[in-house]
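> Make the full structure from the sequences, and use the hints.
Everything in the sequence shown is counted per the numbering used here, starting at 345 for the first residue and increasing by one.
Read the hints as simulated data drawn from the structure, not as lab findings.
Be a bit skeptical, because a hint or two may be false.
So the derived label-pair ranges between C-beta atoms look like this [to be verified]:
# : residue 1 : residue 2 : range
1 : S374      : T666      : 27 to 33 Å
2 : D432      : P595      : 33 to 39 Å
3 : N866      : T463      : 50 to 56 Å
4 : K349      : K1040     : 36 to 42 Å
Yeah, the Cβ is synthetic: ideal placement off N, Cα and C, and Gly gets one too.
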Amino acid sequence: MKTLKNSHAIIIGVGHDLPQSVQDAKAMYSILSNPKIAGYKKENITLLTDKLAIRKNITNAFKNLMKNTNEDSSVLIYYSGHGGTFTDNDLIYRNNTGEPLKSKKENNRYYFLQLNDCTIENFEKTWLRAEELKEYISSLKSKRIVLFLDCCHAEGMTKSGTEINPSELKNRLRNPEGLVQKIEDGKGTSILSSCRTDEKSFILSGDPLSLFTTCLVEVLKGDHKPFFDDPYIRLTEVINYLMKKVPERQPLQRPFVNIQMYDDIILSRLPKEKLKKENTLTNTSLNTSKQVEKDIVTIFRKQDAAVNTVLFIHGFSGECATTFDTMQQHIQEDPEMKGWDMYPFGYSENVKPQMGKDIWASVEDIHRVADYLSASIKHKYGNYKRIAIVAHSLGGLAVQKTLLDLDKNDLSRISHVLLFGTPSNGIEVDPSKTLDKRWVDLNKEAPFIKTLRSNWEKTFAKDYPFAFKVVASIDDKDVPLHTNFNPFDKKYQVTIAGNHFSMVQPANKENDSYRLILDTLNNNEFFNRYTNQEEINNLLGEYDTVVKKLMPDKETLNIKGLKQLLFALEGLDRHEEVMNLLLKHPLSQENTDLIGVLGGRLKRKYLQTLSDSDGSKAMVYYNKGLAISTQKNDFEQMYYHAINLAFLSLIYEEDKNKMRKYAQQALEATEKDLFSSLWKNATIAEAAMYCGDFEKATVYYSLAAEAAGLREKISIHTNAFVAYTSLMNTQEDAFTKFLKAKFLT
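This is the structure we're talking about:
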C-alpha cells in the first residue's frame, strides 16, 4: 500500500489555559506521521503547540504549504483551542475613546481563533481572523482541503475580560457555526467543527483528549470497523463517524459540518491487518479514488446590489448544481428576476450521502443538510432581506426541518417556499411489510416524520408566513402523490408535467415548473398551461372524468390518449375493458410496450403497498406482453417482459423455479438481439444474478452503469437490490456494496 506522499498537514494545539489541546494536537500528529497507519511524510506535517501556536508561526506554516503543495495535494488542517467573535462596538467600548457606537447594520462582526499569546489587551495583534484563514486556504493550489476545528472548550477570553459585556460575549465565543461560514471559501473546502452555537467541546472524565479528537483519532486509525474493503479512510467516513459517535457519548455536543465538499479525499491509510482479504469480486469496483475534473458550483448568480436570493435545495440523488441548472439558466434570462441572486445548495457532486445517491436517504443526512441550511441562512445569506427556497425530493424534508429550527428573525426573511416531489408524509407502507428495509426510519410512524409533521402543524397552525406551494408531477414513479400532498391543504397543491427528475429540469420556458417558480416569486397567480389535464386527473384519481372524455373516441385516440384511457380504466378496476383494448385496439396490437407500461405501473404499486391485486395484475400484463412479443419474434420486448416476470416470480410469488425459468428465457432473447444497449446489459446482469452467476452479473451491471443516466441507475439499482436481498437475506455484503458503488455514487 502506497504512502500518502502528497498529503500535508498543519496541526495546532494552542495550550495556555487548555493543556488538553496540546495533547489533542500531539495525538493527531502521532496518527498522521505513523508509517504503519496514515503514513504522512514527517516533513509534510507542521506541528505547532503551546508557545509555538502563535500567529507568526501559523502564517509561516501556510507559506510553506503554498510552496510545497500542488493541485493534486491533500491538506489537513487541525486546530484545538478557543474560537470566538468580536464586533466593532466591542472594540469601541474597550478602547473608550469617546467614539460613538455603530448602528446594528454597520456593526461588523469578526470571527477569530484565539492563539497562545492572545490576551484581552493584545488580541488585535495576536488573533487569527476567519477572513485571514480563508485567504490562506484560498491561496493554496489544492482543492482537497479539510479543516477540523476543536473549539469552544470553555469560556475563554471572558475570564480576564469582564469589562467587555461578558454575558453577551460568553455566548458569542461559542459560535462555531458562524466561524465555519466565515472561513468557507466557495471552492469546496471541507470544514468540521466539534460543536455548535451555545455548546461546549467536552473532555470526558478520565480521557486524555477531547471527545471530538478522541473520535477523530479512532476513525483515522480504523478502530471503528473490524475490516475494510477500501485500504483508505476517506472524508465522508470520518464525517459519518464523528456526527454519530460524538453525540452518542455526550448528547450536549453535536459536531457541525459544511456539505459542499470538493472531493471525498483520503485522510488516512489502514493497517494491513484491517484489510479484508476475501471477496475480491468487487475490490476494483469499490475503489472510488479519482481525480475530480471539475470545480463544484456554489453560486448561480451573485450581484452586488441584490437583497433577494433563491436557494435551490436538491435531494440526495444526482448533483447539487445540475439538478436545477436548466431552471436557473432560464431564470437568469428573465428580466422579471433581475433582482434575485441564486445559489445551489446540498451535497456537492463529488461527495456521496451516507446511503448513496438515491432518491431516499438516511435521517442523519437530512439532519445534516437542515443544520447546514439553518446556519447558512443566518450567516452566509445573512445580508439578504428576502430568501426564497425551491427544494426537490428529500431536500424538501430538510427544508421543513430548517424552517422549524429557524429563530423568529431568520424565519421572517423567508419569503417563498416551493417543495417539488417531496415525500412529506414519509413512507406510508407498514415497515414490517416493506421489501426494502433501508428506509424504515422515514416511515410515517417513525420518530422523524411523526415529529416533523406534529411540529409543522403546531408552528404553522394558522397560516404560513411565506408563499407556499407543494408540487407533484404526473409521472413521478418514485414519490407517491399521497405522501407528497396529504399533509397540506388543497390550496397549496400544484400538479405539473414530468417525472421525479424532469419536473425541475425544464427543457424550455414553455414549461409549468418554470412558470410556477416565476409566478410564485413575482406574486402572480399560477395556471397550468402546458400540462395535459387528463394526466392530472389520472394522478389525482379522477378516473371517471378521463374515461367520460376519452372513451367515446377510443378508436381515434393517439398513443398518448390511449395510454391515459388505459390508466383511467385500470384505476377504476375495469380490468376486462383494459385487456379488450390492449388486444383489439390497432395501436396496442403494434405496441407491446403499452402492456409493459401497465405492468410496470402495477409492479411499482405492489412494491409500495404489497397489494395482492397489484402483484397479480402485473403478472397478467407481463405474461400477455411476453406472449405477443414471442409471437412476433420481438426479442427486445421478449427479454423486457421475461426479466420482469422473473423479478415478480421471486418477489410476489416467491417461486424461485419460475424465477430461473423466466431469467433463462430473458437470456436467450438477449442472445438473439444483435445490438448492445443499456437495457440489454441490465437484463443480462439481472438474469445472471437469478441464475447464481454473480461474476457475470457484475460485468454486465458495470456495463449498464456506464451507459445509464441518473433515473435509469436508480431504477436498475432498485430491482437489483430488492431481488438480491430477497435471494440472499442480507442487506450488506460485497455485492450490495458493489451495486451501491456502481449505481448510487
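> List in ascending order the numbers of the hints, as given earlier, that are violated by the structure.
Failing hint: just 1.
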